[in-house]
Amino acid sequence: MHDTAKDRQSYLDAPYGVAAWLLTRDHKRIAMLYLISITIMFALGGFFATLVRVELLTPRGDILTADLYNKAFTLHGVIMVFFFLVPSVPATLGNFLIPIMCGTKDLAFPRINLLSWYLYVIGALITLGVIASGGLDTGWTFYTPYSTIGSQTPVTAAALGVFVAGFSSILTGFNFIVTVHRMRAPGLTWFRLPLFVWANYATSLVMILGTPVVAITVLLVGFERTLGLGVFDPKLGGDPVLFQHLFWFYSHPAVYIMILPGMGVISELVAGMARKQIFGYSFVAFSSLAIAILGFLVWGHHLFVSSQSIYAGMVFSIISMLVAVPSAVKTFNWTVTMYKGSVSWESPTYWVVGFVGLFLIGGLTGLFLATLGLDVHLTDTYFVVAHFHYIMVGGAIMAFMGGLHFWWPKMTGRLYPDGWGKASAILVFAGFNLTFGPQFILGYMGMPRRYYAYPDEWQVLNVLSTAGASILGAGYLLTFCYLTWSLFKGERASDNPWGVTGLEWQTTSPPPTFNFHTDPIVTEPAYHYKQVPERETTTIG
Amino acid sequence: MSHTPHTVVSVRVYVTIFVLLMVFTGLTVLAGYQDFGFANTVIALSIAVTKASLVVLFFMGVRHNTPLTKVVVIAGFFWLFILFGLGMSDYLTRPWIGVPGR
Amino acid sequence: MADASTPLGKGSGGSPAGPLPAAPHGIAVAEPTHAHHPKLQHHFYSMEQQLEASILAMWVFLVTEIMFFGGLFMAYIVYRTMYPQAWLDGSAALNVPLGAVNTMVLICSSLTMVLAVRAAQVGSRRGQVVNLILTILFGTTFLVVKYFEYSNKFEHHLVPGPHFSTQYLVEHLGRTGADPYTTQLFFSLYFIMTGIHAAHMVVGIGLMSVILFMAWRGRFTPDYYGPIEVSGLYWHFVDIVWIFLFPLLYLLGLHGGHGA
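Here the protein sequences come in this chain order: F, H and W. Here the working numbering = 1-based position in the first sequence + 30. Here the working numbering = 1-based position in the second sequence + 78. Here the working numbering = 1-based position in the third sequence + 288.
Just chain F, same shape as in the assembly:
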């Protein structure tokens, strides 16, 4: 169909040059710019995680002073949350795929999309500046009054970095919402949309509604530090817990900014790798919206041991439990979809299965923490650390990796070695469990987070955890190596190497600049597998 060289010309081909990339308005190139930037930030965040884990090898402070340790975990958190996890799936895979899945040439506002990447870079540079000028020690949560009165580190600059990066994510979300509402191809009704689009739509709602609140909150911290306009200042009668309310009004839903797009990825991968219509399409679609909405009603569970009223705590505790319902709906539907599907065990499948297992553990331990009474015991222990890493790393990053392995042939036009893909999935899964499994036990025994020294009897578990972290790191490094290798030496990918449905697989690999050679019209629902489609011969493996 696309025989001539001109027809095969992809978005990667022309125009070449740094300027053509830095000034591009093509959503696919912007996605690639994001992919490179978040990879750099991930490596940096990983570096600080390494510092933390190495320090915790022994019960005493050996490598880092208490001060440096504070800075290491703060920077790990700030970088990973605001500069890796929040943009990870939406700004890379979402940016790349949503216009294609909607059958359109680009996002509604290509220039704003580029602006969002520049804001991200500016925010990241400010944060790098903070690191260069000595680091930050408030924890990624910026809790007042320490962040306003106590800390001697450049909190205002860090807050500015987060503020700017926040606007980058607002712009991404805003572009997605308008695109999904106004740009869908003819025939592409809401219930024909791939679930990845639904999930990213729900994510965008959270970005739009939550991010401005954290923006104004960090701005207030900045005002208090620079102008002395003390809104949270206890000396003036201000309530530092108000900061926590405003902060978690965003930052709890932000957890769903991180995991919802990952859930969307998993929905695509499960249906694709099982070659089966997803079980309960509309339930999965609406559970994304339900998670987005319920996510706004539960922030108080971060304040159970603050001066928050115990009655409010009860309400927040009950609503927090409700989030388990839509999450369980998704998990059951994925599992049922794979059941009796013709599952092909290729790299993406390994990441999917890993995701479901880890997300399950992360979700169930979340119920422990939502329980008001139990949380009093577990607050600020390693149990919490383990729980949210099971969601953020075991969930969000596993899904991101799975998505990357699934769409890599489409994005780059190259195949990676499938064996290595499986190996790294297994390595990451094993390393992850070894890292964070022991932390549940440590937390239950009472080891508090954010301390650089601990009693001797906890050393075994901490050594296990650090050992796991090194395996985890090796897994990520391995992925980085063979994916980079594949860019240059990988086999050329066919248009549809997995033999799956979806608009993105109808166009060439990699897609042309305007995504399709002819404007698509959709006449069937997503994942419409009448019979198992024939696999093309150039399959990975």
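Hints were generated in silico from the structure; no laboratory data involved. Be a bit skeptical, because a hint or two may be false.
Computed, partial: chain H to chain W, Cβ under 10 Å [to be verified]:
| id | residue |
| --- | --- |
| 1 | 103 |
| 2 | 112 |
| 3 | 119 |
| 4 | 165 |
Some residues of chain F that are not near chain H, with every Cβ distance over 12 Å (derived) [stated by the list, open to error]:
| id | residue |
| --- | --- |
| 5 | 42 |
| 6 | 87 |
| 7 | 165 |
| 8 | 258 |
| 9 | 312 |
| 10 | 365 |
| 11 | 449 |
| 12 | 547 |
Idealized CB from N, CA, C, for every residue including glycine.
Take the given structure of chain F and dock chains H and W to it, following the hints.
Relative to chain F, chains H and W alone:
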């Protein structure tokens, strides 16, 4: 479907809304100088909500806009009330439990 | 959602009808039939779709603005509940007549704003230019009044910080019980809320200057007036924020004096 999705509203409508907004501003100041006790805030906020609704419906054209726009506007204010409502559920119930020393 | 039945919203004018050629996986292909309006960007089907997209985008952006100010109003509600007397005392120092005048100035600017959009809809270049200039002038008037109000607060040492003093409240306004700490909280919020509102005004005036330039160059026609319409939405939103700020900040202080 008409060619332009947005109806051209007559100047008369805009001027009427303008006059109403001015009258309400005068009213809120006048009411402000009277003391109705607890009702002061209620009156002031009711007038402000009325004025804001007039601006949203007429000046911002939501009256003639798509249902989607209406949903977006309502959602915006709804989320504001989630923030206020759940936030105040803490502050208003704090005194319920007798904490010694407070 | 709201437009579930029509996949392209109201903008599917460009899509062809009739039988479609079959293609694998039920995806047919259509020949591009774009209406070639010069202002139509390549990735939209029609001018209507483009206008609808930009209006939706501005509304979604305004929702983020609602939430942005929402954080401030939340702080306002919490502290007013905690320290009602400080709110009454602090508010007494605000100038109600100036606040009322500024409210009216903004309402005037909103009227000229809608008239400018209407002028674009009916194709009157002169109407756009005149009304946009008036809008900018009203906006500037607002900021000038705000400047005088702010300098007055500086003179009376009502700016939070080491120089803050309740002397003016106690001696000139009879607020003998004014608390030197919690009233600072009021003034912190007063300055932040009105300051961020004023910053939005400055952005709005800048935006209007660009729109004025475009209107003066005759860029807007009854077929294409998206930029002026969406900028107008922003302007009205900033007006609405003030509609709430005025009673919430200024009008409280008319009551609750300790002597009264």
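Here is what the structure says about each hint:
Checking residue 103 of chain H against chain W: minimum C-beta separation of about 5 Å stays under 10 Å; hint holds. Taking 10 Å as the C-beta contact cut-off toward chain W, the hint placing residue 112 of chain H at the interface holds, the least distance being around 9 Å. Residue-level restraint check for residue 119 of chain H holds (minimum Cβ-Cβ distance to chain W is 8 Å; threshold 10 Å). The closest approach between the C-beta of residue 165 of chain H and any C-beta of chain W is roughly 5 Å, which is under the 10 Å cut-off, so the hint is satisfied.
Look at residue 42 of chain F: its CB is around 36 Å from the nearest CB on chain H, clear of 12 Å, so calling it non-interface holds up. Residue placement check: residue 87 of chain F keeps its beta carbon more than 12 Å from all beta carbons of chain H (closest about 41 Å). The beta carbon of residue 165 of chain F sits about 32 Å from the closest Cβ of chain H, which is more than 12 Å, so the claim that it is off the interface holds. Every Cβ of chain H is farther than 12 Å from the Cβ of residue 258 of chain F; the closest lies at roughly 25 Å, confirming the non-interface assignment.
Every Cβ of chain H is farther than 12 Å from the Cβ of residue 312 of chain F; the closest lies at roughly 19 Å, confirming the non-interface assignment. At roughly 32 Å from the closest C-beta of chain H, the C-beta of residue 365 of chain F stays outside 12 Å, upholding its exclusion from the interface. Non-interface call for residue 449 of chain F relative to chain H: holds, since the shortest CB-CB distance, roughly 48 Å, exceeds 12 Å. Chain H leaves residue 547 of chain F outside its interface by the beta-carbon criterion, the shortest separation being 30 Å against a cut-off of 12 Å.
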